[in-house]
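Engineer: Each chain, written out:
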Amino acid sequence: MERAEEIQLIARSRRGDSTAFGQLIDQHKGHVLRVCVRLLGNLEDAKDVAQETFLQAFLGLERFREESRFSTWLYRIAVNLCQNVLRRQSPLVEPLAASFRDPGLTPEASLLRRERGWRVDQALQRLSPELRVAVVLRDVLGFSYAEVAESLGIPLGTVKSRISAARWALRRDLEESDEL
Amino acid sequence: MSCEEVREHLSAFLDGELDVWQRRRVEAHLQGCADCRAAAVALEEVIAALQEGPWVPDDVLPTETILARLPDVARQRERAINWIVLEEAGAGALAVGVVLWVGLSLGPVNVLFNVLASLWSLLYRLVLGGPPPWTSASLLGVGLVGAAAVVLILNGLLVCGVRRR
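Line by line, the protein sequences are chains A and B. At position 101 of the first sequence (counting the first as 1) the number is 101 in this note's numbering, and the numbers step up by one without a gap. For any residue, its number in this note's numbering is found by taking its place in the second sequence, counting from 1, and adding 1000.
Hints in this document: simulated from the structure, not taken from any laboratory. As the structure is a prediction and not an experimental result, all values here were calculated from the model. Keep in mind that a hint or two might mislead.
In silico SDA-like cross-links for lysine to any residue, where the CA-CA straight-line distance does not exceed 25 Å [stated by the list, open to error]:
id : chain 1 : residue 1 : chain 2 : residue 2
1  : A       : 47        : B       : 1072
2  : A       : 47        : B       : 1051
3  : A       : 47        : B       : 1065
4  : A       : 47        : B       : 1052
5  : A       : 47        : B       : 1070
6  : A       : 47        : B       : 1099
7  : A       : 47        : B       : 1057
8  : A       : 47        : B       : 1094
9  : A       : 47        : B       : 1020
10 : A       : 47        : B       : 1058
11 : A       : 47        : B       : 1071
12 : A       : 47        : B       : 1073
13 : A       : 47        : B       : 1096
14 : A       : 47        : A       : 130
15 : A       : 47        : B       : 1060
16 : A       : 47        : A       : 80
17 : A       : 47        : B       : 1086
18 : A       : 47        : B       : 1044
19 : A       : 47        : A       : 69
20 : A       : 47        : B       : 1063
21 : A       : 47        : A       : 151
22 : A       : 47        : A       : 158
Estimated spans, in silico, between C-beta atoms of each pair [to be verified]:
id : chain 1 : residue 1 : chain 2 : residue 2 : range
23 : B       : 1001      : A       : 5         : 46 to 54 Å
24 : A       : 16        : B       : 1115      : 47 to 55 Å
25 : B       : 1060      : A       : 56        : 13 to 21 Å
Using N, Cα and C, we set each Cβ at its ideal position, and we do this for glycine too.
Make a model of the complete structure from these sequences and hints.
Structural biologist: Have a look at this one:
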């Protein structure tokens, strides 16, 4: 979607145009769902949080500044909501996320990817929420370290050490399960 | 740079988040250390695995389901704003009442009030003849209520303006 088109859709949504907001949802819900699944480890919670993300975004559209990216703003809402859920959640939830087949892949490739995805999800759930959020913002959403620092309100040095610690922990975990 | 130091910086190195000086030192170490090069490859695999998935089909969350909840959510917000306006306007009116009450018990404001009350009495006698129906106390009451009403309206308008911006 072109930037100008997105800004136009945001302006129409601010005036209460639900068709325009529906187009914004269509554009971004896949990524928002992915982030929620990665952070929460199960599809049911991820769906609820993704839905809540869009409702909060709709209510807070006046606060959105056009100089920043709409997707980044949306992900921040999603991550904050996920963090609230993580505070209430039991430490380990059985991941359900990888139970789908991507129609673009062969059955074998899809199976391989599903298994790997499932193991990565499990390994992610074993990380502390602090490490998990940092590494998901960086590797799933592609945030820069400065953006991660800004989103989480932590210093750049802490971002660097959390991402590094998370990746090494995931590496050890996946090595133990002979995944990679 | 030791292997331990390199491993510490490896993650940021792969992300291009090291400064030039640190990056050169890590690069120099990697050129001569097969173990650290293998560690870099291992970390790259973890990053790739994280970036790859999960694949979730869009239809698990229909857009219509979200849109169907928008009117309820908008109504909730409207109600919340109305309460905020009422609360803030009430607090503003109370504050003005207290200020006026305290002010009237002090010298300069009391004098001003007496002057205004005398002017009101004089004007009434000149125009309509006879004593004015309102005493000083009732004039004070009317003044307070009027001031509170003005503040309430102004405050309400201000809060609405701020919330809608």
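Engineer: Does each hint hold? Answer for all of them.
Structural biologist: Hint check results:
Among the hinted pairs, residue 47 of chain A with residue 1072 of chain B is consistent with the structure: their alpha-carbon atoms are about 19 Å apart, no more than 25 Å. For a cut-off of 25 Å, the pair hint linking residue 47 of chain A to residue 1051 of chain B stands: about 20 Å separates their Cα positions. For the hint pairing residue 47 of chain A with residue 1065 of chain B, the CA-to-CA distance comes to about 11 Å; that is within 25 Å, so the pair holds. Distance hint between residue 47 of chain A and residue 1052 of chain B is fulfilled; the C-alpha atoms sit about 20 Å from each other, no more than 25 Å.
The hinted pair formed by residue 47 of chain A and residue 1070 of chain B meets the criterion: a straight-line CA distance of about 16 Å does not exceed 25 Å. For the hint linking residue 47 of chain A to residue 1099 of chain B, the alpha-carbon distance of about 52 Å lies beyond 25 Å, and the restraint is violated. Distance hint between residue 47 of chain A and residue 1057 of chain B is fulfilled; the C-alpha atoms sit about 12 Å from each other, no more than 25 Å. Between residue 47 of chain A and residue 1094 of chain B, the direct Cα distance comes to roughly 46 Å. Violation of the 25 Å bound is thereby established for this hinted pair.
Between the alpha carbons of residue 47 of chain A and residue 1020 of chain B the distance comes to roughly 42 Å, so the proposed pair goes past 25 Å and is violated. In summary, the hint linking residue 47 of chain A to residue 1058 of chain B is supported, as the alpha carbons are separated by about 11 Å, within the 25 Å threshold. For the suggested pair residue 47 of chain A and residue 1071 of chain B, the alpha carbons sit about 20 Å apart, so the restraint of at most 25 Å is met. Under the criterion of a C-alpha separation no larger than 25 Å, the hint pairing residue 47 of chain A with residue 1073 of chain B is consistent with the structure, at around 18 Å.
Among the hinted pairs, residue 47 of chain A with residue 1096 of chain B is inconsistent with the structure: their alpha-carbon atoms are about 49 Å apart, more than 25 Å. For the given pair, residue 47 of chain A sits about 22 Å from residue 130 of chain A by alpha-carbon distance, which is consistent with the 25 Å threshold. Restraint check for residue 47 of chain A and residue 1060 of chain B: satisfied, since their Cα atoms lie roughly 8 Å apart, inside the 25 Å limit. With a C-alpha separation of about 15 Å, the suggested pair residue 47 of chain A and residue 80 of chain A falls inside the 25 Å cut-off, and the hint holds.
At roughly 36 Å between alpha-carbon atoms, residue 47 of chain A and residue 1086 of chain B are farther apart than 25 Å, so this suggested pair is violated. With a C-alpha separation of about 30 Å, the suggested pairing of residue 47 of chain A with residue 1044 of chain B is violated against the 25 Å cut-off. A threshold of 25 Å between alpha carbons decides the hint, and for residue 47 of chain A with residue 69 of chain A the separation of about 23 Å falls inside it, so the pair holds. For the hint pairing residue 47 of chain A with residue 1063 of chain B, the CA-to-CA distance comes to about 12 Å; that is within 25 Å, so the pair holds.
Our distance criterion of 25 Å between C-alpha atoms is met by residue 47 of chain A and residue 151 of chain A, whose separation comes to about 22 Å. For the given pair, residue 47 of chain A sits about 30 Å from residue 158 of chain A by alpha-carbon distance, which is inconsistent with the 25 Å threshold. Checked against the hint of 46 to 54 Å, the pair residue 1001 of chain B and residue 5 of chain A passes, with Cβ atoms roughly 48 Å apart. Checking the proposed 47 to 55 Å range against residue 16 of chain A and residue 1115 of chain B shows it holds: the Cβ atoms sit about 53 Å from each other.
For the pair residue 1060 of chain B and residue 56 of chain A, the beta carbons lie near 20 Å from each other, so the given range of 13 to 21 Å is met.
Hint check: violations occur at hints 6, 8, 9, 13, 17, 18, 22; the rest are consistent with the structure.
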